[in-house]
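Novice: According to our numbering, the sequence shown holds residues 11 to 296 in order.
Keep in mind the hints are simulated off the structure, nothing from the lab.
From the three backbone atoms N, C-alpha and C, an ideal C-beta is built for every residue, glycine too.
No incorrect hints appear here.
Here are the computed lysine-lysine pairs in the DSS-like style, where the Cα-Cα straight-line distance is at most 30 Å:
#, residue 1, residue 2
1, K141, K156
2, K253, K176
3, K156, K253
4, K156, K176
5, K141, K253
6, K176, K141
With beta-carbon atoms standing in for the labels, derived distance ranges:
#, residue 1, residue 2, range
7, A25, T259, 50 to 56 Å
8, D170, D250, 15 to 21 Å
9, A289, R81, 47 to 53 Å
10, A174, G70, 30 to 36 Å
11, N144, P240, 40 to 46 Å
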Amino acid sequence: MEFVTQLGELRDRRAALPGAVGLVPTMGALHQGHAALVEQARRECAHVVVTIFVNPLQFGPSEDFTRYPRRMEEDRELLEGLGVDIVFAPEATEMFPQPPDIIVEPAALGRYFEGDRRPGHFRGVATVVLKLLNAVQPEHAYFGQKDAQQLAIIQRLALDLNIATKIHACATVREADGLALSSRNVYLSETERHAAPNLVAALREVVTRLGEGESDVTRVLAGARQRLAPLREDYLGVVDPAKFEPLRTAPPGTTLVAIGAAFAGATRLIDNLTVQTPAEREMVKR
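Model the full assembly from the supplied sequences, consistent with the hints where possible.
Specialist: Laid out in structure tokens, this is it:
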């Protein structure tokens, strides 16, 4: 496994790799969710490149950029064991030698939910993902479904900007109690960790009721909120994954996504689940 920190060296190493290359972009502090992305890339590609970059552009002024967990030695050991070919771990000055004047600004897909709660976040994500895709030129790139809105924006980025890389959506990896794996889970106290699965419990309530034919999203969300305590809700919603606009009514025969964010103490959790609504004749009439 080669460990590089300079863009020029990355391009040289990448050019020497024959066959299809899979890219797994990360911010480090790797866990089994990241490992699953790498393992899928390993199965489907001749070579795998993993990037580790805590991107300052996607953090707001009151967010956790400075304390975001960084465990480079442990990350390198994990990735070597997974058979990764190249790890690219640049400093911020390598990726942004000067403040960027040209940025990628998502429009409609980034208007609500994460885009509303974290202004500028998706601008930072889209800009750095485009830079990494340009630098690595992979045939395939792998992203987790836990960040569903981010995934939708990256898929649209590739479509709208004629990027040849195939974007793969990989299933969320969970703890036994349902909590989605996240690098930020290390922040949780024992009490907070015990309460954290309440977010996915609320989302499962949404999925169950919509799957049974309930169409009134407002009523469904009101019921699901009862499962959150003691977590503090940031948002709960149901969206068409192609638009990520909040729905009030669930259309029949449609794949939708229940999304949510909540705080366990100071730690912000996000998650989502997919639901297929029944055909119109099966929808609950109230």
